[in-house]
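> Each chain, letter by letter, is given below.
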Amino acid sequence: MTSLTARVPERVRTPFTHVPGALWIVLLFLIIASTINPFFGTANNLREIVIQCAVLGILACGTSLLLIAGLIDFAIGAEVSLVTAVTGSMLMAGDPLVLCLAAGVLTGVAAAGLQGLVVAVFKVTPFIVSLGASTAYLGLALLVANGRPFSIGNNLENYGLGSTFSIPNVVITLIVVALLFIVLLRCTRFGRHIYALGGSERASFLAGVRVQRLKLLAYVIAGVTVGVAGITLMARAGTGSPTIGTGYELQALAAAVIGGTSFSGGRGTVAGTLIGVVLLISIGSLLALMNVSGSVTNVVTGAIVVVAAIVDQVRSGKLRLVNTLA
Amino acid sequence: MTSLTARVPERVRTPFTHVPGALWIVLLFLIIASTINPFFGTANNLREIVIQCAVLGILACGTSLLLIAGLIDFAIGAEVSLVTAVTGSMLMAGDPLVLCLAAGVLTGVAAAGLQGLVVAVFKVTPFIVSLGASTAYLGLALLVANGRPFSIGNNLENYGLGSTFSIPNVVITLIVVALLFIVLLRCTRFGRHIYALGGSERASFLAGVRVQRLKLLAYVIAGVTVGVAGITLMARAGTGSPTIGTGYELQALAAAVIGGTSFSGGRGTVAGTLIGVVLLISIGSLLALMNVSGSVTNVVTGAIVVVAAIVDQVRSGKLRLVNTLA
Amino acid sequence: MTAILEVENVTKSYGATQALKGVSFSLSAGRTLAVVGDNGAGKSTLVKILTGMFPPTTGGLRLDGEPVTFNNPRDAHRAGIEAVFQDLALVPNLDVAGNFFLRREIITPSWLGPFGVVRKRKMARVAKESVSELHIRIPGIDGQEISKMSGGQRQCVAIARAAYWAGRVLILDEPTAALGVEESGEVLRVLNTIKKERNIGQLVISHNMEHVWAVADDILVLRQGAQQALLRTADTTPSEVVGLITGAHQIKEKA
Amino acid sequence: MTAILEVENVTKSYGATQALKGVSFSLSAGRTLAVVGDNGAGKSTLVKILTGMFPPTTGGLRLDGEPVTFNNPRDAHRAGIEAVFQDLALVPNLDVAGNFFLRREIITPSWLGPFGVVRKRKMARVAKESVSELHIRIPGIDGQEISKMSGGQRQCVAIARAAYWAGRVLILDEPTAALGVEESGEVLRVLNTIKKERNIGQLVISHNMEHVWAVADDILVLRQGAQQALLRTADTTPSEVVGLITGAHQIKEKA
Amino acid sequence: SSSSSSSSEEPAAGASAKPLKVALINGVLTGTQSQCAFSGTKQVLAAGGHTWADSSSAYNVENELRNVQSAITQGVDMIMLWSAFPQSAQAEVRAAKAAGIPIYLFWNNPGADVSADDLLGSAYYDFKGSGVATGKWIADNVPNAKVMELTGSLGSGTAEDIMAGTKEGMGSSGEVVVSQDAAWDSAKAASLAQSLLPSHPEVNVIVTHNDDMALAVIRVVKQLGLQDKVKVITESVSGDAGIAATKSGDIPFAALDPLAQYGIDAMTAALALKTGGTAEKAIQIGPSHYDTAANPDLAFCNQEYMK
Ligand SMILES: Nc1ncnc2c1ncn2[C@@H]1O[C@H](COP(=O)(O)OP(=O)(O)OP(=O)(O)O)[C@@H](O)[C@H]1O
Ligand SMILES: Nc1ncnc2c1ncn2[C@@H]1O[C@H](COP(=O)(O)OP(=O)(O)OP(=O)(O)O)[C@@H](O)[C@H]1O
Ligand SMILES: [Mg+2]
Ligand SMILES: [Mg+2]
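These protein sequence lines map, in sequence, to chains R, A, L, X and U.
Residue 326 is where the first sequence ends in this note's numbering, and the numbering goes up by one at each step.
Residue 326 is where the second sequence ends in this note's numbering, and the numbering goes up by one at each step.
Residue 255 is where the third sequence ends in this note's numbering, and the numbering goes up by one at each step.
Residue 255 is where the fourth sequence ends in this note's numbering, and the numbering goes up by one at each step.
Residue 307 is where the fifth sequence ends in this note's numbering, and the numbering goes up by one at each step.
By construction, these hints were calculated from the structure, which means they are not laboratory data.
Here the structure is a predicted model, which means the values were calculated and not measured.
One or more of the hints may lead you astray.
[Unchecked claim] Derived BS3-like pairs: lysine-lysine, alpha-carbon spacing no greater than 30 Å straight-line: (1) L:148 to X:148; (2) U:21 to U:222; (3) L:120 to L:148; (4) L:128 to L:196; (5) X:21 to L:21; (6) U:281 to U:97; (7) U:97 to U:167; (8) U:146 to U:21; (9) X:148 to X:122; (10) X:21 to L:148; (11) X:122 to L:128; (12) X:128 to L:21.
[As the list claims (entries may be wrong)] Beta-carbon label-pair distances, calculated as ranges: (13) U:100 to A:27: 57 to 63 Å; (14) A:27 to X:109: 35 to 41 Å; (15) R:290 to U:98: 22 to 28 Å; (16) L:104 to R:38: 30 to 36 Å; (17) A:157 to R:99: 35 to 41 Å; (18) X:115 to R:296: 54 to 60 Å; (19) L:232 to X:226: 50 to 56 Å; (20) X:226 to L:57: 49 to 55 Å; (21) A:97 to U:98: 20 to 26 Å; (22) U:284 to R:290: 47 to 53 Å; (23) A:153 to U:284: 19 to 25 Å; (24) A:31 to L:247: 40 to 46 Å.
Each residue gets a CB set at the ideal place from its N, CA and C atoms; glycine is no exception.
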């Protein structure tokens, strides 16, 4: 086996340590944005951007986890709505706060976990399951909330708008969730299995990994982020609605993919995903500050997402041909 | 090489001839629905169902093609809206009909083709490109249509509502498109390359297939269906709007996947996809006839989609473990 | 000499194809059985059944004389059976240590189960040590992804892993197919060492008669799914075995 | 004896890894060059460069004496170069004929290009004929998907395809790795027949010295990416070549 | 379904006619506005002993056509259509006409392409008028107004009409300094307010297009300590919390959406037209309703009312 010597370089970037090109794009974007708009770079606005990252960031952690495992949850928008509907109804009915919050998180876990169960037990393609789930959960949210938005009054106002040690509470939640996910994916056995599952389900199965149980667990953990994000969203807005989460699934997927998470599994990092979140939210903030109209905002946001992906591709200097074809 | 003899059965089902389990589900559903609701099985209602399949069916042909090739267009909803915006504005401006229709189809081709170009040239993940595109095209449609729905008057009324030899014109369009796609996928060199690309991009590349050109071509052909579907939708409704196409992307994906098209490429048939379309549309029709509320409709539709996928899995008797893991 | 694993009249059909038409043999501690046969003879199918990838269509397995059913590879692992598959079954995006310890990561604290923290350094060290114990050297053990290794390098990783974990039975499906001359020799030597040191049973599939003779105590010949012969290596010759493989030769008695 | 393909001081780096450190040789019509070397020596990397999968980092190729650049495998195909890759590079969801004719489907009418109708029957027939012409029999040629075939069956398909299409140069990366004794012999015989009948150049990678001696006129020895020796088969012995592979032996002069 | 007939207005033709079956087709999936309006229609129908069949089109024009078609198949006596695409419902009208079933456009502006002869009647909700009322209130109550607009989703024409009306009503006495699409979404409105208020210190009025957004924005304004400087007003009020905030003065102005009343008026007119009574063929729900003081509870669509 002597010939193997010195063939393998000492330290190469592994899936765990991949820093996406999006980081440079975000930094570039922040600099350009600060130049274009005098308010953008102010401490106040940057603080606002970070606050706005909270809900999407929490959701995107779960989405990354699923994508890395080769799974997908397309229903998180509807699930977030369902969480607000359940928690909101309970809050309005005067149930104790702790119970309401627990119910919210549990709703997220149950909603995502049910998908995981179907995927694990019946081996149905995750995408079709979550497509069906998103429709069904939207209906459920409508039923629970009587089809209309509702206010939660002053409940959760401290959490949603308050700060602790002058760090906004919702940002603290994001930081905690993100750190937990980083540890989970980088350091734990579970995290390694998630990467393995996404890399090759067959090889993981043959290595004895309980792949179906692992899938279920991944959905359940992602469900926790949905529950926490739903509560956070409601706390920030002071209202809930059976459609309040609509669109978050696409944003979370976009953030993850921009941040270097592979759509076909096995690759991605929480750090990268958070960079994607910051990019998306910063674009929105800049365009709002510039008072760009809704139509133009859409055009520009879409274009920047694509350009970010292209730049990442060009920067990595590989244009995938070499990545995947060589 | 003698040992190879008699190992391979004479005729096995190839990806080209796969009939999805959804067929049985659809037949079962149609029978049950006719029993539950006296109106469902009437000739009139069945005719309506077929008519309603037209737009989604045309779109789903393109979506299948892309999925089989391992690609995806998540922006077809926005593209359909854009097509109606462009064609509608031209119609209202009094441009000649042929020009308007050509412009519509060309809009679809350009919108999808642009994604194809980015995917082919920069090797960016198709999903992220189409996510960006869907946002950008929505904005474009809003700009083109001045942000509001519009009527196209009596233009296209003959096409949208008329019949030829008592077959509704829009159904004729669907049949023509579907037949073309069946021939394209089953019989032509292009079709074989699409299956090969979806099966293994690397192996196709090494066999000398111009994979990037092929991807572009797939998007362009899918773009034709978007153009045709957009025009058909507008002709049926007499209305266009910058949001009229919203949701078709998910429905088309659901139809294709229910019909046995693999989300990871290489497998699927147009016939299967059309069965998926019929299933989705029939569910909607039955629920409408039963005057079920919107929320319940959502819950039931979502559940049936998941159940259809499970039944397909169970019926094929393999539960994927053996399919993909053995 | 006790039989660890007994295979009793196992068959396997893939739809219309009968890949195995009734195979029976037993594997004893400290002995190596070579399974030979033409392409498509059903060798890999046999491996897949023995490792719990799927159950046989009919027939069964016995472990230490007790009937046993493997529902998945985990069950087989528990029974001490490890395998190198023909397609290696490595996870392409993990590195050597990642594949080596997949599912059996060293964690701390251990009661945390799936959420225990993986001890990367220790795993890399243990992987390296075990590899050198097996006289296989794989440098950069905690760097390079498997997907960026050469065919032979991958095969070495798969062999090292299976050899490290095998407690009772070690199964190797064409282990030297991608290996160079020296590497092949090394692997064969290691197999013989393990057999002696750990007193485990080995099942080796190979098309190379030289390799078969270097390791095998017994030879099972498959032909188009049927069990053609079960012989002692000492009692036969390479040319006789080749004749049995191709069908030029027939043996009636079954051992 | 004219050189079809000349390789001039080709190097290839993957990031920090130098997989090829300067390789030069020429391939002539009617002759077979064996490329040998340890695992990770850079053999497959060389194949990838010769087939246009990626360009060399430095150095170049000449075709009939003219400098040539392959931008993709298609360019190499055009130049008459066909290859069997180590991982076979077959499309798993297509059947034998589908893989055999991939990109070169027989269509009618031909001016329709990509939209021409594929003549499945004819393709299946031609594939069968060519296969039998090559003395390789693959039954059920238009049925079974590649993904459902055994390792050896797949390798046979890949070899048959490359052999059928090769006009000038046929490259085979470990073509007999998964093949049985008889099948290997058949392939070696076919290679010699093709060489004579079509007067093409062949480049064969193998770890099996017997196989090398059965087909090769010349032998190129790589070691850790460097060109160790280029010898005539007639002038050397298997043990000398093995010595060169492992580094036990050194040769200064380069042919 | 509604059983209370405590509504102040008696259905015009309810008592004498034979019971009708009416298809109620809701173009949207969710939304308080359509719910309130339909609850009004159902009150009228229940009081007259009529029955109805609900369906929802979820913003999809083909679903709407399907719903019209299935109403026809079921043989309903008339159709009340709240179209998702309020500029034109000609295909739906055509289908109903072909089947000989009267159709009443509800919410819609029939548009130039629909002939009034093909309709049983129509009741158009005047979004622009609502916007004008808002603009006028600003002009009268906020000197030198600097307005931030947080709108409903673009694309349906509704938000665009309100925006145009607001500008018109305000005239030269104020100025819209920032206008952003908040998509009827409270969370989005809160985010926008939070990030835009610091960079637009001049803003003294925030116009939101529904009460959910208003309530979320009020929280933000309070948190930023701007409640004395910035007034938050809304186009419509329908939820309990919104009503409470309007009564308490937290929302100093709401261009009331008398949606339940709108449903009552439209259904009453439709029944009258259907049974040969007298009613205006085209009703426009106009600015006469936009008077907070004069409409204390009637116009609201609160939980109590919805029962
Ligand atoms: N994509 C890649 N990225 C990084 N390193 C690579 C890549 N592909 C191959 N290598 C390295 O380049 C060296 C040469 O690899 P190559 O596959 O050419 O070897 P080989 O001679 O074919 O070996 P084998 O006999 O095992 O197939 C090896 O050390 C391998 O790890
Ligand atoms: N998933 C499958 N579906 C259908 N047939 C299969 C499948 N896998 C293998 N076969 C068939 O079963 C037979 C036995 O295959 P197996 O892989 O066990 O052969 P093998 O002895 O390992 O051959 P090789 O030496 O070529 O690896 C072959 O004819 C093969 O085509
Ligand atoms: Mg095998
Ligand atoms: Mg190699």
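> Determine for every hint whether it applies to the structure shown.
Verification of the hints:
In summary, the hint linking residue 148 (chain L) to residue 148 (chain X) is supported, as the alpha carbons are separated by about 26 Å, within the 30 Å threshold. At roughly 50 Å between alpha-carbon atoms, residue 21 (chain U) and residue 222 (chain U) are farther apart than 30 Å, so this suggested pair is violated. Taking the CA atoms of residue 120 (chain L) and residue 148 (chain L), the gap is about 20 Å. The hint holds against a cut of 30 Å. Of the supplied pair hints, the one linking residue 128 (chain L) and residue 196 (chain L) holds, its CA atoms being roughly 22 Å apart against a limit of 30 Å.
Restraint check: the Cα-Cα separation between residue 21 (chain X) and residue 21 (chain L) comes to about 51 Å, which exceeds 30 Å; the hinted pair is violated. Restraint check for residue 281 (chain U) and residue 97 (chain U): the C-alpha separation of about 17 Å stays at or below 30 Å, so the hint holds. Annotation: proposed proximity of residue 97 (chain U) to residue 167 (chain U) is violated, straight-line Cα distance about 39 Å (limit 30 Å). Simply put, residue 146 (chain U) and residue 21 (chain U) have alpha-carbon atoms about 51 Å apart, too far for the 30 Å limit, and the pair is violated.
Restraint check: the Cα-Cα separation between residue 148 (chain X) and residue 122 (chain X) comes to about 23 Å, which is no more than 30 Å; the hinted pair holds. With a C-alpha separation of about 18 Å, the suggested pairing of residue 21 (chain X) with residue 148 (chain L) holds against the 30 Å cut-off. Pair hint residue 122 (chain X) plus residue 128 (chain L) does not hold up; C-alpha atoms about 55 Å apart against a cutoff of 30 Å. A threshold of 30 Å between alpha carbons decides the hint, and for residue 128 (chain X) with residue 21 (chain L) the separation of about 28 Å falls inside it, so the pair holds.
In this structure the supplied range 57 to 63 Å is violated for residue 100 (chain U) paired with residue 27 (chain A), their Cβ-Cβ distance being about 34 Å. A beta carbon spacing of about 39 Å between residue 27 (chain A) and residue 109 (chain X) agrees with the range 35 to 41 Å that was offered as a hint. Hint check: residue 290 (chain R) to residue 98 (chain U), Cβ distance near 50 Å, so the stated range 22 to 28 Å is violated. Taking the beta carbon of each, residue 104 (chain L) and residue 38 (chain R) are about 58 Å apart, not inside 30 to 36 Å as hinted.
Separation of residue 157 (chain A) from residue 99 (chain R) is about 58 Å and departs from the stated range, judged on CB atoms against 35 to 41 Å. One distance hint, 54 to 60 Å for the beta-carbon pair residue 115 (chain X) and residue 296 (chain R), is violated here, with the actual separation near 40 Å. Between residue 232 (chain L) and residue 226 (chain X) the beta carbon distance is about 46 Å. The supplied range of 50 to 56 Å is therefore violated. Separation of residue 226 (chain X) from residue 57 (chain L) is about 52 Å and conforms to the stated range, judged on CB atoms against 49 to 55 Å.
The given range of 20 to 26 Å is respected by residue 97 (chain A) and residue 98 (chain U), whose C-beta atoms sit roughly 24 Å from each other. A hinted range of 47 to 53 Å is violated for the C-beta pair residue 284 (chain U) and residue 290 (chain R), which are about 38 Å apart. Range check, residue 153 (chain A) to residue 284 (chain U): Cβ separation about 23 Å, and the 19 to 25 Å hint holds. Judged by the Cβ atoms, the range 40 to 46 Å given for residue 31 (chain A) and residue 247 (chain L) is violated: they are separated by roughly 54 Å.
In this structure, the earlier hints numbered 2, 5, 7, 8, 11, 13, 15, 16, 17, 18, 19, 22, 24 are contradicted, and the remaining ones agree with it.
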